[in-house]
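Chemist: Spelled out from the first residue to the last, the chains are:
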Amino acid sequence: MDQLPALQVMLPLVMAPLVVIVRHPKWSWALATITSFLACWVSWLLLQQVMDGSVIRYAIGGWEAPTGIEFYIDRANAGVALLVSGLSSLVLVYAYHSIQRTVDKSKHYLFYAGWLLCLTGLIGMVITGDAFNVFVFLEISSLSTYMLIAFGSDRRALVASYRYLVLGSVGASFILIGIGFLYAATGTLNMVDLAVRIPDSESPRAVLVAFSFLTVGLMIKAAVFPLHGWLLNAYHHAPIAVTAFLAGTATKVSLYILMRMFFSIFGDDYSFGLMLLNWVLLPAAIASFLIMSLVAIYQTDLRRMLAYSSVAQIGYILAGISLATQQGLTAAVVHMFNHGMVKATLFMSVGCILYRVGNTHIPSLDRLMSRMPFTVVAFIIAGLGLVGVPLTVGFVSKFTLISALLEQGWWPAAVMILVSSVMATAYIGRVIYLMLFREARGSTVTSHGYREVPILMLVPMYVLLALGLYFGIFGSQTLSLAEGAASTLLGGYQ
Amino acid sequence: MNPVWTLLPPLLVIPFIIGFGEAKRNLREGAILVAGTVLFIMNVVIWRATLAGELQASGEIAILSQFSLKLVVEPMGVVFGLLASFLWVVTTVYSIGYMRGHNEQNQTRFYTCFAIAIAAVMAAAYAGNLLTLFVAYEVITISTFPLVTHAGHDAAVRAGKVYIGILMSTSIGLFLPAMIWVATTTGTLDFSEGGILSDAGLSRFSLAVLLGLFVFGIGKAAVMPLHRWLPAAMVAPTPVSALLHAVAVVKTGVFSLLKIVTYIFGVDTIAASGAAEWLLPFTAFTVIVASIVAFTKDNLKARLAYSTISQLSYIVMAALLATTMSVSGGVMHIVMHAFGKITLFFCAGAILVGAHKDSVSQMDGLGRRMPLTMAAFFIGALGIIGLPPTGGTWSKLLIAGGSLDTGTWIWISVLMLSTLLNIAYLLPIPLRAFFKPVPEHEAHDEHGDAPAACRYAIAVTASVTVLLFFFPGPLTDLVSLIPWR
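Chains as they are written, first to last, in this note's numbering: chain L, 5 to 498; chain P, 1079 to 1563.
Take the hints with a grain of salt, since some may be wrong.
Derived, one-sided and incomplete: chain P residues facing chain L with beta-carbon distance under 8 Å [said to hold, decoys possible]:
| no. | residue |
| --- | --- |
| 1 | 1142 |
| 2 | 1213 |
| 3 | 1216 |
| 4 | 1239 |
| 5 | 1240 |
| 6 | 1247 |
Taking CB as the label site, the calculated pair distances span [unchecked claim]:
| no. | chain 1 | residue 1 | chain 2 | residue 2 | range |
| --- | --- | --- | --- | --- | --- |
| 7 | L | 458 | P | 1112 | 35 to 43 Å |
| 8 | P | 1137 | L | 104 | 43 to 51 Å |
| 9 | P | 1100 | L | 460 | 27 to 35 Å |
Quick caveat, the hints were computed from the structure, so don't treat them as lab data.
Backbone N, C-alpha and C define an ideal beta-carbon position, used for all residues, glycine too.
The following block holds chain L by itself, in its conformation from the complex (with noise of 0.2 Å):
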């Protein structure tokens, strides 16, 4: 049990060469999804252990810290790992029919094995409790990412991972770069030992620099307005099972390491009373979600507009963020699980259509109902989980994160989320109405019927649908566990 944490890294990054061995198309996807949920189980048992408040420091090889590396575990992160590994099982056993039909069967080892890699950097980036380390773990998800983005079935994907490759590139270097001025001002990378040593640090500049580097670094990964160019193309044209992956994780791992980096690290007062961080996060998110919403709403194609919604999203988190209070950070902790696990539904059942159909322009789904009526639940219950209609995950997190507004009496910004709520509305409820009814202006793929997926893409995608609605009824399970990560993420590293 002791040695879980490193586990929890090694299973995925020693299975990734294996796959690569083995080659077989099917036996490494076999191989990538049974580790997958060795390690979603792996979190399971840290999260278990770290629920009462209690913290798991794991020295790798013996090497006790602020010298060695260490892995930090606590009701902040473990929830956190544990959607990453849980999506990325579920999502696995969803690509074994969608990957066969985007990617070449010489190459599927390929995809496996950089999947691994990059749940490897993903969880890696997430329970760590070195600064550098982050920064390590943040390059293989990225690298990975890249190759996983490539694999789309048309040639815009490279275009689309090239991109990344630049934008994301340009945000490592600036999180490298702040990880220097932070080692340069304090003399050391373990997290708890930098918070310690900070406020004291002898070059207060350094550590201005340092932060500033940070904050853009990890906005940029994280996908905020305006830094979002790189993710609408590489969510519209990556593999549908990558999208549903990354959607669901990749944005949210880095906002988790924004937050543990404002608040732990730094701490509340440096980031939010010194540099009124709020000042710039609050914007930024009002713009990401008002604007996004409105731009999602005249998408053509419905993968496009659910990256714009991702945007938005990111938006409601990142105002949750700002506000630097127990319940704006429970709001954006727990609609960062909701929203997880809504898109990566939503880019689910998109991902059945694109199968059957063969594309996702919008005008093209209509009456899809009649041919493919599990995918069109699907994805009109988490389209209402994205709306935020009651007994929805939507709902626990929008009441949560507007109470948390109001609180503060920040009610011009409820009232911002509101109207892009209203928004969503628009845009998910146009898509359910063309999927339920004919268009009107003549339609064009009424004379052949589709049949519907594949059981093996229709079961994960029921059972996240499931655990949407199980935490929409059931939601103060998922917001107990925000509130412990918010006050932990306060309380700062003790």
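Since the structure of chain L is provided, determine the placement of chain P on it from the hints.
Modeler: Leaving out everything else, chain P in the frame of chain L:
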């Protein structure tokens, strides 16, 4: 009795509805009748227990950390629960005749969504806090959407768009923030005696804004300018219009408002602060203008729809006047208007099925062919106008009396003017049917009255409309139990 049981009959009947399907439609509809009867009996049991003063509450499901879903019985809810469950049975009898006589498609989907909506209405009736009420409200909106678009043609789909667009955007854009505002100010959402906002220390301005958010956020109450969904929803099959758009959906809206005024604000808080003053003109405007619009409509269902809008604003006005008398009148008007309006809708459907007519101008001489239907229409019309011998008399009297308590004569004159307009747009219909001769070209049409099942249902609702005039006792007893302060 635990009010959560009332959710079970409409939900448990769904597998039977789907299982029997179109192939065994007698069994399917038999199952619904059984469920409806059981539900009504449950509500009667709850009613007796309420009169005996028992506290009846359910457990809680915590969907948010501080706020949970729970059901608690209080007198207002009992009134609504009894009403909706009774009319569900009657409407089912009626729809058996109507849906078959009219050869509607997808009847299984129709009955399924109908049952979900009824379950949600029960949840709204017995909602123990604002959150539960909100959830039930949204479920009603979503589950009735397939009913509005039931016919599937372009007009139905367009109407469905208006329906869901207005109801969803108002509830998310206004109702939800109002609820969260209450939650952050008071830390609770429970319906409690005297209102939870009574000593929350909100300024008069804040109270006025908050009340406005509720009045317009609850789009189902159809206060102008947010009334457009209601006439649009009339493309639905008549039983839907009858139960949902004369009773369940629209009454959920005004019922929510009455409950919010009584148990969230507290009538005294509203009366003392004058928070409702800026909203009363909206309701007065709606009462009058909707009546005038109704007057201009030739399509029978459209006329009834505008009449509903006008009548709903009576109840909203009663709630906003915030005297115990007017709010009691509002609660009673929910029942009185429900029976009157459902009779009218049943008649409209019967005329459509029996005579294939849907316009007022085609009614000439119809009374000779469909005497029972047109007689019932006359009684229903009297109920809406508020003339004896119908129950509508009492509720209108109470609302009018309550409006005098506020010390102005404006609101009572609005009510009286609207009564005159009611007479003008409703009574000509039965008069035409009975006293005008049958037009030449129709002289040889041989059609009888509506299907038997429809006629039974009409007879029941029409007689209850009359009975409520002579025996309003059970209703007033319940209303007198409402804890005001």
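Chemist: Against this structure, judge whether each hint is valid.
Modeler: Here is what the structure says about each hint:
1. A distance limit of 8 Å between C-beta atoms decides the matter here; for residue 1142(P) the minimum to chain L is near 6 Å, and the interface restraint holds.
2. Annotation: interface hint on residue 1213(P) holds; nearest CB of chain L at approximately 4 Å, less than 8 Å.
3. The closest approach between the C-beta of residue 1216(P) and any C-beta of chain L is roughly 5 Å, which is under the 8 Å cut-off, so the hint is satisfied.
4. Interface restraint check: residue 1239(P) against chain L, minimum CB-CB distance 7 Å, threshold 8 Å, status holds.
5. Below 8 Å, beta-carbon pairs count as interface contacts, and residue 1240(P) has none with chain L, the closest being about 12 Å; its hint is therefore violated.
6. Proximity of residue 1247(P) to chain L holds as hinted, the smallest CB-CB distance being about 5 Å (cut-off 8 Å).
7. In this structure, residue 458(L) and residue 1112(P) meet the distance hint of 35 to 43 Å, their C-beta atoms being roughly 41 Å apart.
8. For the pair residue 1137(P) and residue 104(L), the beta carbons lie near 48 Å from each other, so the given range of 43 to 51 Å is met.
9. Between residue 1100(P) and residue 460(L) the beta carbon distance is about 33 Å. The supplied range of 27 to 35 Å therefore holds.
Going through the hint list in order, the structure does not satisfy hint 5, though it satisfies all others.
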